[in-house]
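Following the hints, put chain B in place on chain A, whose structure we already have.
Residue numbers (numbering that gives the first Met the number 0), protein chains in the order written: chain A, 0 to 258; chain B, 0 to 258.
PhoX-like, lysine-lysine: derived pairs with alpha carbons at most 25 Å apart:
#1 A:K251 - B:K153
#2 B:K153 - A:K255
#3 B:K154 - B:K179
Just so you know, these hints were derived from the structure itself, not from any lab. The structure displayed is predicted, hence computed values, not measured ones.
2 protein chains.
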Amino acid sequence: MSESLPKILITNDDGNAAKGLRKLVGLMRTLGDVTLISTDEVMSAKSHSCSIRERIYVRLVRQEEGFTEYRCNGTPVDCVKLGYQKLMPTPPDLVVSGINHGMNAASTVVYSGTIGAVIEACMNGLNAIGYSLHSLDPDADFDHLDAAILEITKKVLKEGLPKGVCLNVNFPKRSEEPMKGIKVCRQADCRWVEYFNDLVDENGEPYYNLDGEFVSDDIKPDTDLWALDHNYVAVVPTCFDWTAHANIEPMKSFEKITV
Amino acid sequence: MSESLPKILITNDDGNAAKGLRKLVGLMRTLGDVTLISTDEVMSAKSHSCSIRERIYVRLVRQEEGFTEYRCNGTPVDCVKLGYQKLMPTPPDLVVSGINHGMNAASTVVYSGTIGAVIEACMNGLNAIGYSLHSLDPDADFDHLDAAILEITKKVLKEGLPKGVCLNVNFPKRSEEPMKGIKVCRQADCRWVEYFNDLVDENGEPYYNLDGEFVSDDIKPDTDLWALDHNYVAVVPTCFDWTAHANIEPMKSFEKITV
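So that you can see chain A by itself, here it is in the shape it has in the complex:
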C-alpha cells in the first residue's frame, strides 16, 4: 500500500454482493487505499450488534494494489472492530459504510447495521460516513451519486469531523430532475409502525412475520426526510451521546427519592 494515500475502510449491511457496496468500493478506490471487510450474511436491521459470544471467522478474499478484501461471519460493527484493531496495519483515516439499499433517515437510524458501523468507528475516534439511497431496489441506479459521494468524502478526508460526530448521508433515488444540492439537517421524528402477519409454517406451527408502514408526521424543512422528499441530499451530523441533555435539570426531582 502507498504510504501517502489515505487508508479507507469500507463495510455495509446488505452483504458482500450488494450493488451499492461495489459502487462504493469503485468510488473509494479513486481516493485512497481501500480495505473492504464485509459480512457473509445480510445484516439489515442488525443495528449495533456485535459478536461477544460467537466465534468470528475471517477470510482474505482478494489482495491487489490499493485494494484488500476480507469477509467474515460477523456484523458490520464487528467488521469495523476487526479492521482497525486487527486486520489493517494502521487504523484507517476514514470508515465508510454503504451504499445502503434503502434510506437510513429519520428514526430508522436506530435499526441500521450501516449506521451501527459508522457509530462504532466514531466511538473509536475515526472519521466515519454512512451513505444510503432511498430505494430498496437491489438493482437501483447509483450513478447520480458519484459527484456528491466523492466531494463529501474528499472534504471529510481533508478537514476531518468534530470529535464524537459522524455523518449519516441519505440520497434521493434517481428522478427526472438532477438532485438540487445538499441540506445539513436533523433526524426527523418519523418511524416504522409495525403490524404482524399471522402465518403458519410447513409443520402447522403459527408464526409472525414483522411488517409495517412508515409514519411520516414530522417532515419539517429542517429534517432529513424533507430534504429527501425535495430531491436534496440529506446530511445529518450524528452522535453516540444519547443523553437527553435538556432533560437533566428538569428531572433532578428524581434525586429526592430515598434509596
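Leaving out everything else, chain B in the frame of chain A:
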C-alpha cells in the same frame, strides 16, 4: 386483568432464566398487571436488532391473575413490538427492561439489548425504563435495589416521562455501605476498546474471539460512571434523536458542494 391497575410490559436481554429478570417481575407485580415477553436466547450486545427477515415464534408460557408470560425466538426489540402491537389487549402504561446483569452506562449503551428495548418503546410513545446492575455475576445480589426500583417506577407511572425521553438507570453493585442516593446525569464518553484473541477451532480453522477492556477516561462528576463509582444510582434521560444538533450550523459548509 384489573382495569384499574397499570399495565406493565417487561423484557430483558439476558434470557428468560436470568435472576435479574425474575427479580424485576417480582417487583413489578406489586405495582401492576405484568406481561413478560422474553427471548429464548441470551441477547446481550444485540442492540436495536429486530427480526425483519426471520420468522417469529411466540409461546404463551403462563397466565395467572395479574401476570402473563410469553417467550419468543426474537430480540428484545421484537418483544416490545410484539407486546404493544399484538399480544397485549391495550398498549402498556410502562415498559421496563432488565434488570440487566452488567452495567449499561457510558457509551456501552449503544450495544445493549436491554436499552434497545427501552428505546423502541420510547420511539412508540410509551414510557420506558431500563434497569441494570453493575455486576456480571449471574447470581448477583439485587435486593439492595428494591426501594429505588419501586420508587422510580412509581414516579414514572404517576407523572409520565417527557415525549422522546426514556430512562437508563444503572445501579452500583452491593457494597458494605448502603447506596448514597440518585444522580440524574449524562452518559460518560467511555467505551470498550477491543482486542481479538487468535484461536483455532476443533477442525484447525483459525478464528477470533472478541475481548477487550473498558477505557474510563471521562469520569467527570456529571456522568453516570462517576455516580456508579461513588455508590449512587445513575439515572440518564436518554433519547433516540441522535442528531448532533450543535454541529448543524458549523457544518453548513457541506451545502456548498455541487452535486
